[in-house]
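Go by the hints and put chains B, C and D onto chain A.
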Amino acid sequence: MIDKRIDSLTAAVADVFDGATIMIGGFGEAGSPIELIHALIDVRAKDLTVINNNTGSGHVGLAALIENGQVSKMICSYPRTLGSKVFPKLYRNGKIELELVPQGTLAERIRAGGAGIPAFFTATSVDTPLAAGKEHRHFNGRNHVMEYGLKADFALIKCKCADRYGNLTYNKTARNFAPIMAMAATKTIVQTGTLVEVDTIDPEIVVTPGIFVDRVIAISDPVQESKLIAEGMSYPC
Amino acid sequence: MIDKRIDSLTAAVADVFDGATIMIGGFGEAGSPIELIHALIDVRAKDLTVINNNTGSGHVGLAALIENGQVSKMICSYPRTLGSKVFPKLYRNGKIELELVPQGTLAERIRAGGAGIPAFFTATSVDTPLAAGKEHRHFNGRNHVMEYGLKADFALIKCKCADRYGNLTYNKTARNFAPIMAMAATKTIVQTGTLVEVDTIDPEIVVTPGIFVDRVIAISDPVQESKLIAEGMSYPC
Amino acid sequence: MLTSNNLQLGWRREEMAKRTALDIPDGSYVNLGIGIPEMVAQYVPEGREVIYHTENGLLGMGPAPTSENSDPDLINAGKKAVTAIPGACFFHHADSFAMIRGHHIDICVLGAMQVSKQGDLANWSTGEPDDIPAVGGAMDLVAGIKTIYVITQHCTKTGDPKLLEFCSYPLTGKAVVSRIYTNLAVIDVTSGGFKIVELAPGISFDYVQERTGSKLLIDHQYND
Amino acid sequence: MLTSNNLQLGWRREEMAKRTALDIPDGSYVNLGIGIPEMVAQYVPEGREVIYHTENGLLGMGPAPTSENSDPDLINAGKKAVTAIPGACFFHHADSFAMIRGHHIDICVLGAMQVSKQGDLANWSTGEPDDIPAVGGAMDLVAGIKTIYVITQHCTKTGDPKLLEFCSYPLTGKAVVSRIYTNLAVIDVTSGGFKIVELAPGISFDYVQERTGSKLLIDHQYND
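Chains as they are written, first to last, in the working numbering: chain A, 1 to 237; chain B, 1 to 237; chain C, 1 to 224; chain D, 1 to 224.
Wrong hints could be hidden among the right ones.
Stated by the list, open to error - In silico DSS-like cross-links for lysine-lysine, where the CA-CA straight-line distance does not exceed 30 Å:
hint	chain 1	residue 1	chain 2	residue 2
1	C	K80	B	K227
2	D	K215	D	K157
3	C	K174	B	K134
4	C	K18	C	K215
5	B	K85	C	K157
6	D	K146	B	K4
7	C	K157	B	K89
8	D	K195	D	K157
9	C	K146	B	K134
10	A	K134	B	K134
11	D	K18	B	K4
12	A	K89	D	K80
13	B	K187	D	K215
14	C	K146	A	K187
15	A	K95	A	K227
16	A	K73	D	K80
17	D	K174	A	K134
18	A	K160	B	K160
19	D	K18	A	K85
20	C	K146	A	K4
21	D	K215	D	K146
22	D	K146	A	K134
To be verified - Not close to chain C: a few residues of chain B, all C-beta gaps over 12 Å, as computed:
hint	residue
23	D15
24	V43
25	H59
26	D127
27	T194
28	E225
In short, the hints are calculated from the structure, not lab data. Every value quoted in this text rests on a predicted model; they were computed, and no experiment measured them. Glycine included, each C-beta is placed from N, C-alpha and C at the ideal position.
Bound conformation, chain A alone (with noise of 0.2 Å):
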């Protein structure tokens, strides 16, 4: 039987070994795993290589596990986002490494990555510091540059609906990298609001598709981490 749901948060990340890359969902706080990024504090693995489009805000979430330590190199398009502290502190004291990826790109390799895609060339970032000592080719005229498809051992992301098999839906933009991290990683590990039984979610409208799927959790009542920032909390307290 095929029943990829857990109960724990503990038990859902206890695999995630140091020097692990993670992929982490969400744009902003919409649609990040922040239960599950907790659960990675508490399980302390160490030496990761985060992809996430951002850095985190305030001292909860990913801005947390990077305070925390837990973070030697972020793989991110926007690395400052509006009450993101501790990333730029970090960087600038040279104790986190960054590769900056425009966001389209960043997107785009990590769907080759799960589509086993190892290389493709766009003409975004070329004629931008962003292109330097990456191959130069020309298509139809027009210059482009090569990308890697990216994939990670890990994939945190946080979705609306999932059933025993994995299925997903998503709420609204925090769709955003969700679907394509689930593709990439060797272990997808969910966070949903609800967890339906197998017949529940239409065919139709399944955005991912179980397959891309390992473990899923139910957190029926997620903290919302703005709410948090704005209360000034911190994690682990």
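Only chains B, C and D this time, still in chain A's reference frame:
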């Protein structure tokens, strides 16, 4: 106002020019936009390059378009379906050109064309005759071939439900190539089973966003290719 | 040339499919090719749950429908009517082949025209001048799925061996086949060549060897 | 250096946005950057329908919500709460940037730190050693969308020109900007350099030229 609805089949395809490249949705008869194909026969555009997984069956739909001498080249993965009589004869007589592409590579080339990716690498077809003459390259210790994005002047596709913005949903496995072909064509022309008001389709379940669609025509009771074939029909009759 | 190539000898088609199904672990995501491979789905042992992928855009393919609930829009890669199980999902071709190319499908069971001792597979073209080449998803499947099983009659209709030193037909993929289920035996592709892991009832090693175009090894359990 | 750089001179922010909105045809698919560009959506002329794309995964972005119907899961690329219009749709990041990279979006309106006379845009980094580089989707937008409009104050807060012979900051893209809407003028990027197509009320050609780091041309309608 954005209103992509159109009510004449002939008008829907009237600007298809001689020498155009046309993607036609469908996998076998599932998803085949047969009324639009017949309209294309009526408007008599010729010297077409057609991209479809197959080459049609019997003497209706895509097979009829080919039989009518309008297609000079097919790009497809599986040109000899059961019941496919027209293409094999023309091909053996050197009357039609064939570019044979593995099915997944075909899908990915179309998706790349729509996503602005001019070329990518895949391990599919390495060490086979279909890799002959293609650029090879190793990634992660494995050999790959470079494949090019594929675009078209027009896409003809079929869907289940559409609104005036061109947002589309599909029926079951009739979805197949339609969403990616809609992305890859300059003009995407859609026959839909139902036309609904603009606030009817849940934004979470739209499969093809309207931005990829140019014209929508309601064909509420489409003919079924296999029935026409069983009845010995041909088009034009 | 052998005078008798009685296909009734050894396993029947259903038995080949049943034997293959035994090797598919619980929880696998599986793609089944057209023909005998399709029959594997009927023989999943009790207590195992297996999810079938069909590359035209369905995960969770169920058995053939009754005539009432048949829908021409719900077909498999062989263009036959199928059903969708509870928990199934539909997706477009690029997403479907992302599952294949991205190594997400665990096992693929295919038919074969020829298999070489190093696991090369030929199953898409005879390479004859008047052959209409048609590849479908075969090359994507063998390139993207780690475990490729082949189900095939041991010999061609004219009695020629299909298991060979080298394939003479154009390849679908090189060194891709893991295991072969024929009417005569279950055979692994090993670094030393073909190795029999199981013989069909009443079939001898020599009988299989005579019908095979490459030297056969044998698993030690049959080796005495 | 000019002694007065009164930002009240010429168009206000709202007027810049309004002027830009005039140039967006009915039926356009438009991506609006953070800041003044976001305001363009409020000024679409009567009778035109424009659909807004936000690259985090929404086509059909509507105005900011009231506090009751705000959802932290429904935000724009600037991470501000928005709404979805009837006929909107949601999609993941790879699909969203396929719309951009694949040339499906008609117009993008962005802010700028510097624009060169050949249309080079710098809007993501000062290149200073302690700057935290952050690019977001800017490079994807300028590479993938044919018509790039820039809305910007004509000069920096310290009175330095932003329209220059060459950008000194790291580029976002080369030769990508079509038209610039500043508080002082509407300026096209032409093969001959910057060309004024409209001056804000009460602003003279010379006044703009003094605040521009490259020679200005002028459309013939202002040329007498």
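Which of the stated hints cannot be reconciled with the structure, identified by number in ascending sequence? As far as the earlier hints go, 13, 19, 26, 28 are violated by this structure, in ascending order.
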